[in-house]
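For the protein sequence lines, the chains are A and B, in the order given.
Taking our numbering, the leading residue of the first sequence gets 1, the next gets one more, and so forth.
Taking our numbering, the leading residue of the second sequence gets 1001, the next gets one more, and so forth.
In case anyone wonders, no lab produced these hints; they're calculated from the structure.
On a predicted model such as this, the values are computed, not experimentally measured, just so you know.
Zero decoy hints are in this set.
No more than 35 Å apart at the CA atoms, straight line, and that leaves these computed lysine-lysine pairs for DSBU-like:
(1) A:K9 with B:K1164
(2) B:K1164 with A:K13
(3) B:K1164 with A:K457
(4) B:K1016 with A:K341
(5) B:K1259 with A:K457
(6) A:K341 with B:K1167
Residues per chain, in single letters:
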Amino acid sequence: MATEKSGAKSFLKSLLTYRSALAGVIIILFMVSLSLYTVIAIPYPEAVRLWRLGEKSFMDNPRVAAPSWVNLFTSKKLPETIILDTRSSASGASKAIVSNTFRFEFTFSYDYDEFPSELNMFFFSKFNKTLHVAVYWQKPGGEPLKLKDFTLKAGEDAYYISADAVLIERLNKYLSEKVGAGLNQTLKAEEALFAVEDQSVLSRDTMQPAKGKYKVVVEGTAFEEGYSVDAKLVVYGKVHGIAGTDYHRRDLSIALLWGAPIALSFGVVAAVAVTCLQMVIAAVGAWYGGRADSLIQRATEFTMILPFLPVLMMISAFYKINIWVLLLVVIALSVLGYGTKTYRAMFLQIREFPYVEAAKAYGASNKRIIFRYLVPKVLPTIIPSLVLSVADFVFLEAALAILGLGDPDAPTWGKMINDAYGAGALYLGYYHWILEPALLLVVTTLGFALLGFALDKIFNPRLREV
Amino acid sequence: MKLMHGVLRFARYAAKRGAVLFVVVVLAVYATILIANMGGYVDEMVKSQVMASVSQSVAQNPQYKMLPYEEKMKIINSLYEAELRRLGLDQSFYVRSFIYLGSALTMDLGRAQYMTSDSGSTIVRVIITERLPASILLFTSVNLMLFFIALFGGLALSHRYGSKMDKVVVSLSPLSSIPGWFYGIFLILIFAAWLRILPYGGMVDAPPPKDAFAYALSVLKHMALPAMSWLIAYSVIQTYVKRTFFLMFSSEDYVEMAKAKGLPPKLVERRYILRPTLPPIVTDLALTLISSWMGAIVTERVFNWPGIGSLFYEAIGFLDSPVIVGIVVIYAYLLAVTVLILDLVYMIVDPRIRMKG
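Let the sequences and hints guide you as you build the complete structure.
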């Protein structure tokens, strides 16, 4: 026992003398703890629910917002989302109801260098007859400007300010009259409502948001007693949380976090299962020889002639399988392959070694010879390739997701990249959406690659650099 | 007499090996047919489509407007049966799967179910040959480049075993754990989205330039990023593998023996190191070229490259089994024939391989 312990210790010592191995181990440990945290903090059904809820449940999030920490690196400060709600006293929203008229005031100070990405107002009301409201907008030091008046729908209603085409046209006309020149382009509602009203507004390159206190007023009239009404103003920013959001306003951190355990378990399970099964099959073939061997050989040639990725694509496209069934299919398609042939060649040599002869002479069973004499001899030499193949399988899952063939429910890194690609993130400049999952994929697989190459140098010292 | 005997033995071996490979191809193609037809489920879908279109055409035909319901159903049913017979769907799927197998193996690839070539043809052979040049242009040339970089780089490194350059290559090799298409995304980000000097994807500008020279230039520009992504991803690891490969061959006992005999180093290298490495290198090259024929599905998707990989992806989207089976059949045949030829050539050339049987 003691020698085994010191053997493990010296192994660890020699492993960690390689700086690359140390880096790899640290990365893998970090990813494993991130995965453990994720699995405990956000149970899988909850993650799937959050990921599949649809846009309605994230209405307070901006669309494709960059992560908040982007502001640390840029001179221009991107806006955070500002939410003002009359139902909570803490925010800058006040509410005054005098019999059948009511007045909400939302005040906020805007201190950012960029325009917000969107403006919406949500209403929550209970009434029986009709409720009429008018919304006014006041820039810092400006006059109140009426945005719209309309009748509310009972229950939940919304005024999508950014989507109000009539308003946009009116605001553009108002601005060009105010500056005394035609605007170079039609401004969006959130641009027109925040822009400094001087010559700079003429071009999108020069226009700037006015900094200072903004005031939005909602005045309303009810035609009954005993009604209730509340409102929420959302000034959507361009940054959100530590990971940003996607086109469906989802917080990307859910998928980033859950991507880790899925990638790790997919990669590690596939790598271990494939390598071990390949080895055992090769050992059985090499040891028994004859018919069993040639059957295995032919079956291996059969799977090698089937193109792997296309077959996998067909199966996952036609049968709409989830990620764990996909894992099983991947394992099934890979157990007979290039590795089986390589290991068989190794076992054919080992079979002739004297210690195996000795085992046969003392009457060891076939099973014992395979599992106690053949497999352990080869194991160390293939551990590096096992560790290295984790990276391949992690990217295999990502590749399937990029082809739109992954598990539709699972929030994985590959799926994120696929979503981003589909939404044209590279064309439209939503780089965070692609870079975050891509970098996590790179870091994770690099961890395994660094460890794998270091292990290779230790276990196969013949090729160690001088 | 001895020669005759040898030729006979060779022929017997070749026939046996060929037969085994053929059986493997048959099995692989049959498996593809089963998967691509979803075990017959595709037939059910086609049948229900036929039924829908037949009922619609009968319902819209003024000639049948006045007929009672039963009469109409009779007409629909007889038209439906006729259509099924026309499509060959009146037989059970398993009978037909063998018919498919037969025509696939005789390279009678038939017509696509839904897809058409850019020229409007539904013949599978035309659809495939239309996409083939794109895949060959990109992936065969990239693979050839990779092959020669790795070959000469590996040979040079094996001479300078342990030098600085060697160490750089060894320490860069973990970069190859990231596949080419993934580097492709980063390259698009840098060169297309940020620097705006190379296109995002596709094979040629739209509209294509009229002038042949401008056309070639445009294709080259579109090839740059996908080719670069593969070179970044695979050149280092392949050089590393080749270096190790040459090192292994140069540390064989017979090489030491030759050196001990005092043979000049050039001769040792040519005759004792390089010559035995030739068979695996040729195998490697042949198999690389064959598999580059299939294109690369993910890289072609990322770069929107109109090759065989994209065709395969689209065929899966359309559930177009004739196209899928057609691509796999050609691939399987090419692979099997290549393996067979290599096997036989080595048996003649390499005295270390002895034939059994």
